[in-house]
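Line order of the protein sequences matches chains A and B.
If you count the first sequence from 1, position 113 lands on 113 in our numbering, and the numbers rise without skipping.
If you count the second sequence from 1, position 125 lands on 125 in our numbering, and the numbers rise without skipping.
Derived by calculation from the structure, the hints in this document are not laboratory data.
Where is the CB? At the ideal position from N, CA and C, for every residue including glycine.
Any given hint could turn out to be false.
[Said to hold, decoys possible] Residues from chain B that face chain A, not an exhaustive set, calculated with beta carbons under 7 angstroms:
{"hint": "1", "residue": "Leu7"}
{"hint": "2", "residue": "Phe125"}
{"hint": "3", "residue": "Ile168"}
{"hint": "4", "residue": "Ala338"}
{"hint": "5", "residue": "Gly342"}
[Said to hold, decoys possible] Result set (DSSO-like, lysine-lysine): computed pairs, CA atoms no more than 27 angstroms apart in a straight line:
{"hint": "6", "chain 1": "B", "residue 1": "Lys30", "chain 2": "A", "residue 2": "Lys141"}
{"hint": "7", "chain 1": "A", "residue 1": "Lys141", "chain 2": "A", "residue 2": "Lys212"}
{"hint": "8", "chain 1": "A", "residue 1": "Lys212", "chain 2": "B", "residue 2": "Lys30"}
{"hint": "9", "chain 1": "B", "residue 1": "Lys129", "chain 2": "B", "residue 2": "Lys29"}
{"hint": "10", "chain 1": "B", "residue 1": "Lys32", "chain 2": "A", "residue 2": "Lys212"}
{"hint": "11", "chain 1": "A", "residue 1": "Lys212", "chain 2": "B", "residue 2": "Lys129"}
{"hint": "12", "chain 1": "B", "residue 1": "Lys129", "chain 2": "A", "residue 2": "Lys141"}
{"hint": "13", "chain 1": "B", "residue 1": "Lys32", "chain 2": "B", "residue 2": "Lys129"}
{"hint": "14", "chain 1": "B", "residue 1": "Lys30", "chain 2": "B", "residue 2": "Lys138"}
[Stated by the list, open to error] Using C-beta positions, here's what the derived DEER-type ranges look like:
{"hint": "15", "chain 1": "B", "residue 1": "Phe125", "chain 2": "A", "residue 2": "Gly257", "range": "53 to 61 angstroms"}
{"hint": "16", "chain 1": "B", "residue 1": "Leu185", "chain 2": "A", "residue 2": "Gly9", "range": "35 to 43 angstroms"}
{"hint": "17", "chain 1": "B", "residue 1": "Ile341", "chain 2": "A", "residue 2": "Gly257", "range": "50 to 58 angstroms"}
{"hint": "18", "chain 1": "B", "residue 1": "Leu178", "chain 2": "A", "residue 2": "Lys183", "range": "25 to 33 angstroms"}
{"hint": "19", "chain 1": "A", "residue 1": "Phe248", "chain 2": "B", "residue 2": "Gln54", "range": "16 to 24 angstroms"}
{"hint": "20", "chain 1": "A", "residue 1": "Arg96", "chain 2": "B", "residue 2": "Pro61", "range": "25 to 33 angstroms"}
{"hint": "21", "chain 1": "A", "residue 1": "Arg171", "chain 2": "B", "residue 2": "Ile34", "range": "56 to 64 angstroms"}
{"hint": "22", "chain 1": "A", "residue 1": "Arg230", "chain 2": "B", "residue 2": "Arg206", "range": "52 to 60 angstroms"}
{"hint": "23", "chain 1": "B", "residue 1": "Ile34", "chain 2": "A", "residue 2": "Ala249", "range": "51 to 59 angstroms"}
{"hint": "24", "chain 1": "A", "residue 1": "Val170", "chain 2": "B", "residue 2": "Leu185", "range": "38 to 46 angstroms"}
{"hint": "25", "chain 1": "A", "residue 1": "Gly164", "chain 2": "B", "residue 2": "Gln204", "range": "38 to 46 angstroms"}
{"hint": "26", "chain 1": "B", "residue 1": "Pro207", "chain 2": "A", "residue 2": "Gly164", "range": "48 to 56 angstroms"}
{"hint": "27", "chain 1": "A", "residue 1": "Ser8", "chain 2": "B", "residue 2": "Gln204", "range": "34 to 42 angstroms"}
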Amino acid sequence: MEALAGASGDALGSSPVHRLDPRAKCVVTVLFVVAVTSFGRYDVSRLMPFVLYPVAIATLSGVSAGSVAARTLAAAPFILLVGLFNPFFDRQVIVRIGGLAVTGGWMSFLSIAVRSFLAVSAAVLLVLTTRFDLLCAGLRKMCLPRVFVTQLEFLHRYIGLLAGEAQRMVRAHDLRSNGNRPKLALVVYAPMIGLLLLRALDRATRVHRAMKARLFDGEIRVLRPLAFSRSDFLFILAWGGYFLVCRFADVPGLLSGLAGVR
Amino acid sequence: MHMADALLSPAVGGAMWAVTAGLTAYSAKKLKEIPDDSRVPLMGVLGAFVFAAQMINFSIPATGSSGHLGGGMILAILLGPHAAFLTLASVLVVQALFFADGGLLALGCNIFNMAFFPCFIAYPFIYRKIAGRYATAKTISVAATVSAVIGLQLGAFSVVLETMASGISALPFNAFVLLMQPIHLAIGLVEGVVTAAVVLFVWQARPEVLAMAEENAPMRGFSMKKVLAGLAAAALVTGGALSWFASTYPDGLEWSMAKTSGSEELPAPEGGIHAALAGIQEKTAFLPDYGFRASEPEKSAGTEAETPKPETPAAWPNPDAGTSVSGLVGGAMTLVLAAAIGMFLRRTSAARR
């Protein structure tokens, strides 16, 4: 839950990146993820030019590199778990560096790790530099179903509240457990979750009444409409162009060619 | 069960995005037909409930490990298929964005695997059929458990198919299925028992909640024909993507299949369809196939000498750059360059402040 609160705090910043239209950031993020994931399974060095995007966005937005890295690494265990099978199943040697033979499995494992880091960091940076209500307003403008976007906003607002409720229940249980903290047995757990559910339903009823009293008609309105400016357009064009070049031209190869390495 | 971007190809991720977008639009349209705005806060709060419930763990008897509620089936039972699908999809979006569970490209797959199966398969065809109109404690327990297990099994199998079609992981099909299905059978049983226990508690404490939910879940208009047609369309799209990719990435997959389990799991690659697809793919692919040297020894070994391989266009930049020494040096240089630009940007933005 701290992840959520931290992201909301970071998203309130006022850097040039924060000021960009959420739609522009969404488009660039999607382009980035598609470009990164479209490489072959053994490509590692060709992915390197793409590191520039998270580095540049993190620096320009003033979001700390530590918080981006911490959030990105949260995804690591699952990817390592699945990726680690590659070295076992793919043992063909595809490159020799000096006396060291590198198999396809290790190469593809490295590639999976790099592309995972890149793809996740792009998504993380999107929410760290964009207020969630503005992001939802952007999604609405991009013709996502209104019911769905409203649902996203409601969910985002209530997670903190219900998480607090759950924490209080667990604490109350712990305090009555005579100092030790037993794992919940199913006979205790089911009523607890059931109660949490009933409380959630009651809360939904109260929220609905309060909203009815304020003339809610099923839609959340934004006071300040989003405006797509020239800088947003340039942002898409510049990064889109960069991704295109790095996808279709071998930038690291050109660089090493320039340096005279064969 | 969250899939990650790193293990998906854009074609599979994109196809599943399309399928999921269609399902979202369909569910949103269905919800709009019922003029009941109390559902909006109900969906929001119940989505948040799933997050909150996942913070509380319970001990799984006789194993020493602990588990928590997944929540898919409970939402379907309380909200009905359409509202539950949208709620689960929103939960998965928030998980992808804020908790790095899965990724943006994988979002389509994740929503399909974890929301479509419980809401549109397990709930209408299993839970409702068993629990039916006259619910008793027994039928509710059995219905919740069986539907949770089947929903999860289908989802897990879908994960395997999507991963295989992407061809990034080298895990062979058989090994992956044997890994995923039993694990998710265990998880599904636990999930089913917990779901049943919670639904029973609610049913005993406040029976009107379930009765209301059943009224709320409009089963009229839930025509079997439409669901089947939708499924067929989804299967066609996915199947199209699958066959396309089976022809795009033949090397690693076929090699590992032949190595570990014989080639029974593969559709005959010599077939006319494969050749035709390869031809179409060669002409239309916007991201042409990569070539790497690993495929050469395989060919000469004679295991799949007949396999038609899509030719890499000559104009394509050197695809082996990633594996050669110059490529490694270039990669390192690019990385240093990116870091240098980052430091430069930091200095200029600090100076501006």
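Numbered hints the structure breaks, given as an ascending list: When the structure is compared with the hints, numbers 2, 11, 12, 14, 17, 19, 20, 21, 24, 25 and 26 turn out to be violated.
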